[in-house]
Amino acid sequence: MRGIDMRFGAVTVLQDVDFTIYPGEVHLLAGENGAGKSTLIKILGGIYKPTAGEITLDGTVIAPTSPLEANALGISVIHQELSLIPQMTVMENLGLGRYNTRWGFLSPKSMEDEAIRVLQSLSIDVSPYDDVQDIALSQQQLIEIGKATSINSRVIVMDEPSSALSERDAEILFSLIEKLKKSGCGIVYITHRMEEIQRLADRITVLRDGNLVSSGPASDYDARRLVKHMVGRELGDHYERSATQLGDEVLKLKDFSLSKRDGTRLFSQINLSLRAGEILGIGGLQGSGASALLAATFGAYGERPQGQVLLHGEEYRHLNPKRSTQKGLGFVTNDRKADGLVLPMSITHNITLASLKNYSKWGFPIQVKEDEAAMSSQQELSIRAASLDMPVQGLSGGNQQKVVLAKWMRIAPKVILMDEPTRGVDIGAKWEIYALLDALVAQGVGIILITSELSELMALSDRIAVMHRGEMVQEFRPSQYNPESILAAAMGQSNSESLTNMENHSQSKQPSAKERM
Amino acid sequence: MTNNRFAKMMTGYTGKALISLLVVILLGIIFNADGAFFKLGTHRDALRQLSVYGILACGMTLVIVTGGIDLSVGSILAVSSVCFSLFSIHYDMAPALAIILCILIGTALGSVSGTLVAGLKLQPFIATLAMMTFARGFAKYITGGQKISTYLTDADGNVIIKELPQIFQFIDSRIFGGNLTIVSVIFLFCFLIAWVLLARHKWGRELIAIGGNEESARLSGIPVVLSKFAAYAFSGAMCAIAGICQAAQETQGDPEAGASYELTAIAMVVIGGTSLAGGRGGMGLTFLGILIIGYLEKILSINAVPESGRLMITGFIIILAVLMQRKAD
Numbered sequence: 367m368r369g370i371d372m373r374f375g376a377v378t379v380l381q382d383v384d385f386t387i388y389p390g391e392v393h394l395l396a397g398e399n400g401a402g403k404s405t406l407i408k409i410l411g412g413i414y415k416p417t418a419g420e421i422t423l424d425g426t427v428i429a430p431t432s433p434l435e436a437n438a439l440g441i442s443v444i445h446q447e448l449s450l451i452p453q454m455t456v457m458e459n460l461g462l463g464r465y466n467t468r469w470g471f472l473s474p475k476s477m478e479d480e481a482i483r484v485l486q487s488l489s490i491d492v493s494p495y496d497d498v499q500d501i502a503l504s505q506q507q508l509i510e511i512g513k514a515t516s517i518n519s520r521v522i523v524m525d526e527p528s529s530a531l532s533e534r535d536a537e538i539l540f541s542l543i544e545k546l547k548k549s550g551c552g553i554v555y556i557t558h559r560m561e562e563i564q565r566l567a568d569r570i571t572v573l574r575d576g577n578l579v580s581s582g583p584a585s586d587y588d589a590r591r592l593v594k595h596m597v598g599r600e601l602g603d604h605y606e607r608s609a610t611q612l613g614d615e616v617l618k619l620k621d622f623s624l625s626k627r628d629g630t631r632l633f634s635q636i637n638l639s640l641r642a643g644e645i646l647g648i649g650g651l652q653g654s655g656a657s658a659l660l661a662a663t664f665g666a667y668g669e670r671p672q673g674q675v676l677l678h679g680e681e682y683r684h685l686n687p688k689r690s691t692q693k694g695l696g697f698v699t700n701d702r703k704a705d706g707l708v709l710p711m712s713i714t715h716n717i718t719l720a721s722l723k724n725y726s727k728w729g730f731p732i733q734v735k736e737d738e739a740a741m742s743s744q745q746e747l748s749i750r751a752a753s754l755d756m757p758v759q760g761l762s763g764g765n766q767q768k769v770v771l772a773k774w775m776r777i778a779p780k781v782i783l784m785d786e787p788t789r790g791v792d793i794g795a796k797w798e799i800y801a802l803l804d805a806l807v808a809q810g811v812g813i814i815l816i817t818s819e820l821s822e823l824m825a826l827s828d829r830i831a832v833m834h835r836g837e838m839v840q841e842f843r844p845s846q847y848n849p850e851s852i853l854a855a856a857m858g859q860s861n862s863e864s865l866t867n868m869e870n871h872s873q874s875k876q877p878s879a880k881e882r883m
Numbered sequence: 130m131t132n133n134r135f136a137k138m139m140t141g142y143t144g145k146a147l148i149s150l151l152v153v154i155l156l157g158i159i160f161n162a163d164g165a166f167f168k169l170g171t172h173r174d175a176l177r178q179l180s181v182y183g184i185l186a187c188g189m190t191l192v193i194v195t196g197g198i199d200l201s202v203g204s205i206l207a208v209s210s211v212c213f214s215l216f217s218i219h220y221d222m223a224p225a226l227a228i229i230l231c232i233l234i235g236t237a238l239g240s241v242s243g244t245l246v247a248g249l250k251l252q253p254f255i256a257t258l259a260m261m262t263f264a265r266g267f268a269k270y271i272t273g274g275q276k277i278s279t280y281l282t283d284a285d286g287n288v289i290i291k292e293l294p295q296i297f298q299f300i301d302s303r304i305f306g307g308n309l310t311i312v313s314v315i316f317l318f319c320f321l322i323a324w325v326l327l328a329r330h331k332w333g334r335e336l337i338a339i340g341g342n343e344e345s346a347r348l349s350g351i352p353v354v355l356s357k358f359a360a361y362a363f364s365g366a367m368c369a370i371a372g373i374c375q376a377a378q379e380t381q382g383d384p385e386a387g388a389s390y391e392l393t394a395i396a397m398v399v400i401g402g403t404s405l406a407g408g409r410g411g412m413g414l415t416f417l418g419i420l421i422i423g424y425l426e427k428i429l430s431i432n433a434v435p436e437s438g439r440l441m442i443t444g445f446i447i448i449l450a451v452l453m454q455r456k457a458d
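These protein sequences, in sequence, are chains A and B. Under the numbering used here, the letters of the first sequence match residues 367 to 883, in that order. Under the numbering used here, the letters of the second sequence match residues 130 to 458, in that order.
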């Protein structure tokens, strides 16, 4: 791939990126969330057409315009999200899109033979006639990989293939990768796990903000150098928090754990404490369990989590969103369109949605009161809208996000859990949201903040706790903030230096630090 | 502000539905069947004939606004209709008691649908399809498949003719110098209740929020399960009231009554502009929808269009009206 440019409207996502894959190597693509990795592989896989640049495969220029076309050329991409159809059998899924047919009719025998061959190469104990939805997630992931590798590809792209795999299944994947390398296949591999980088990578390319910052043999990179390249940016222009007075403890989690219904854990044994007027940042990469932690604390999973939640020292039992709202616990979800807003409803009604009781008499909302509340929120948060009666779906991302925040500010919050409050928001609105967070903590609200932007996390948080694979691995005080070590912790790099740091902490009589580790 | 809201209403779905209604009335003026359309009696009859459907459409709107559907309304109407006849004619029950019992039975059947949809998370289509089948069977079971009328046979096989209870006559009677039937008054009353609940009560807001985005609503602390359950229970209660009116108009309880009424009720709601996907709509729109379908039927019948033609034209008009609504998006 040479000189690849990608622009969406006015936003440049990739700029003049060169990327080469040789046969029989694992080429690791590294970078923070949003660095442009996914865009690059989507171009390679035929999902996006690059704005500029060209792709050559074995010396000939290619321009795949669909995943199917890319497949036919010998490029297969294993995306993070599974593309198997849950209601169909393993065999049908493996045959999907490339049926063995005779005169247009499916030939079950040859499909079965093919499926058995793939399953054997994966050495997993699954029958071709099992429904995909009935087998474990990690096995589904392996089948997805098996599907991509069964079509004699020249280039295979794997986007965090191990994130859903258990240790044992990951080993199967690694041996599969070895086999593919021997057969002369080039592999592009994306992962956030340091141990995999060190184990698998032959060559490494680092992207940052859509630019190629470094590329070379894997032996040139140690963990520290890699992380430095990934973070790299100047952090001088960050937001300045105003100093706030910390109050009493408002929220405390004790041995808080949650597993998925199939038994895979989302997070386990989380202990944390939040004080009034404090912003606690949670760092972690995709799959760290941080989002699930916030959702579970709010009660989105109902009574499934184990452990205790304490609000103002009192145990909060029978978690559910309604009770959380009444207790002054707010939750800004990471996807405002999917589960934050009721898009066809008006701005006013979205703002009062969680606190409607306050504007009602005998259960009847009073329009004048609602209008007043919405108007004062509009002023406070400077929500830019032609009319408060218009559906919220007509607003820009930043203004929609302000409506979400306004909704939670209306419940007289004690604690607001925020998952990516600035996702998909332009820079101006971002700073307005920062100022708002600042104002909220000044009023004594406690905030737990998840953000995948390290600079944002460091600029806003009074403390940063880092999660990796469902566990709290490390906590940082402002004096220890350092993008390299935070990222290293999030990638599960246990270094001795940070361990000493933590020991110092538990001795320094800081109650929260003691509780954490 | 008020002016602004009015203007927006007229350019939106309300305006579109009003245009449809005006077109239908214009049709009535053109095909006035030798002036029959201009007679007051025609309009009184139109209102009387659409009332039972209208009552069903009131409950249906609250369900559809949540993104659900209630296919069981016609069958629950039949259950209520035979129960009311049985209680009043055979058991000589006091009218008030018979009415209350019927409404309770309707609410109970609606609650079962509500439990299936909200509690057990079955698809509304499936859950209410099952209730539609069950309630039809239940109506037939109660009556042994017979109509419940004032003619009854005693143990010896003698035919006894009972007097029609006064409540039947009352419900089908006319007031205001014969210009308005009690059935229409009941319809307008049900409409008013449904309108207040949907447009003015917290519950109505919750239903709209659930229809707009159920997960967002849940995460905003709305009791999604309870609100949805109540919508189906309310629809059941409306069916019961409609069943009582139906029994009074037919002077008997017919276990076959109300077949395919659910489709008319759904058509009324959708023609008004309430979205089947949920989250958008209201009782005002449903009122226009009820008038559109009601008047269309009336105009076709005064012009002596045979049933075959009436059905085909109605189907055509439904598509036309809904296509027009889509332009408003």
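You may find that some hints are simply not true.
[Said to hold, decoys possible] Subject to a maximum C-alpha distance of 25 Å in a straight line, what follows is the list of computed DSS-like cross-link-like pairs (lysine-lysine):
| # | chain 1 | residue 1 | chain 2 | residue 2 |
| --- | --- | --- | --- | --- |
| 1 | B | K331 | A | K703 |
| 2 | A | K693 | A | K594 |
| 3 | A | K703 | B | K276 |
| 4 | A | K626 | A | K688 |
[Unchecked claim] Residues of chain A placed beyond 12 Å of chain B at every Cβ, according to the derived structure:
| # | residue |
| --- | --- |
| 5 | A514 |
| 6 | D535 |
| 7 | T699 |
| 8 | T718 |
No lab work stands behind these hints, which were simulated from the structure alone. Quick reminder that beta carbons are idealized off the backbone N, C-alpha and C, glycines included.
Tested hints:
no.: 1; hint: B:K331 with A:K703; result: holds (23 Å)
no.: 2; hint: A:K693 with A:K594; result: violated (43 Å)
no.: 3; hint: A:K703 with B:K276; result: violated (53 Å)
no.: 4; hint: A:K626 with A:K688; result: holds (22 Å)
no.: 5; hint: A514; result: holds (32 Å)
no.: 6; hint: D535; result: holds (31 Å)
no.: 7; hint: T699; result: violated (6 Å)
no.: 8; hint: T718; result: violated (9 Å)
Violated hints for the displayed structure, listed by number in ascending order: 2, 3, 7, 8.
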